[in-house]
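There are 2 protein chains.
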Amino acid sequence: MGFLDILGILAGLFTSSSIIPQITKTIKRKKANDVSIFMFVVLSTGNALWIYYGAEKSDMPIIATNLLALGLNVVMMVLKFRFREKENAGTGYKYDNNAGGNIW
Amino acid sequence: MGFLDILGILAGLFTSSSIIPQITKTIKRKKANDVSIFMFVVLSTGNALWIYYGAEKSDMPIIATNLLALGLNVVMMVLKFRFREKENAGTGYKYDNNAGGNIW
Chain A
1 MGFLDILGIL AGLFTSSSII PQITKTIKRK KANDVSIFMF VVLSTGNALW IYYGAEKSDM
61 PIIATNLLAL GLNVVMMVLK FRFREKENAG TGYKYDNNAG GNIW
Chain B
1 MGFLDILGIL AGLFTSSSII PQITKTIKRK KANDVSIFMF VVLSTGNALW IYYGAEKSDM
61 PIIATNLLAL GLNVVMMVLK FRFREKENAG TGYKYDNNAG GNIW
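So the sequence lines, in the order shown, correspond to chains A and B.
Heads up: the first sequence is residues 1 to 104, going by UniProt numbering.
Heads up: the second sequence is residues 1 to 104, going by UniProt numbering.
These are computed hints drawn from the structure, not numbers from a lab.
Errors might be hidden in some of the hints.
Since the list gives no way to pick out one identical chain from another, each pair is judged satisfied if it fits inside one copy or across any two copies.
Straight-line Cα separation of at most 30 Å, DSBU-like style, residue types lysine-lysine; simulated pairs [what the hints assert, rightly or not]: (1) Lys-80 x Lys-25; (2) Lys-57 x Lys-25; (3) Lys-80 x Lys-30; (4) Lys-80 x Lys-28; (5) Lys-30 x Lys-57; (6) Lys-80 x Lys-31.
Keep in mind that this is a model prediction, so the values were computed, not measured.
Take these sequences, add in the hints, and give me the full structure.
If you want it as structure tokens, here you go:
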């Protein structure tokens, strides 16, 4: 493995693993209201195209790191979906029996 | 420009422009509390390394699209910084004269 392969793998590890801090933050906060789901949909499409590009060019770092990124993107999209019901948490007007006023 | 160049540029446009929905959402909501700043720091480092990799391999699609991504990442980091003071908006205990109890 030459210098270029190592450089490519390093570059790909950074861009792929960049999603990890977002995954960690989402798990901690149990919400991702400010996070755009479209970002991860578009990113995954891009990763899939990079894998195709890497395969055509027999470029191993591109293939490997985009596969990793794709996997992490799927994890983030599942988290965003799982925590979607927190979107309006804290308002609680409709179903909160402890709300200040009488609902009638 | 061959098929591979077009494929690479397309792949890179997807991964780079994936940040645009996040930028749009942040501008609309005027907050990005759930967004991890570390994601964009690590991503930018990766983009810089990809530009180096692309330059070494004379791979134009990699260079061009990572330059674009780097620019968009900087925009997102500026937005995250600009809207940082909204982190605790809505609690307002300390300075809210309309808070229920007497502060003394």
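Each hint, compared with the structure:
1. Lys-80 x Lys-25: Answer is both; intra-copy 11 Å and inter-copy 15 Å each pass.
2. Lys-57 x Lys-25: Close neither inside one copy (36 Å) nor across copies (36 Å); limit 30 Å.
3. Lys-80 x Lys-30: Both. Shortest intra-copy (9 Å) and inter-copy (19 Å) distances satisfy the 30 Å Cα cut-off.
4. Lys-80 x Lys-28: Both. Shortest intra-copy (13 Å) and inter-copy (19 Å) distances satisfy the 30 Å Cα cut-off.
5. Lys-30 x Lys-57: neither (40 Å within a copy, 42 Å between copies)
6. Lys-80 x Lys-31: both (7 Å within a copy, 17 Å between copies)
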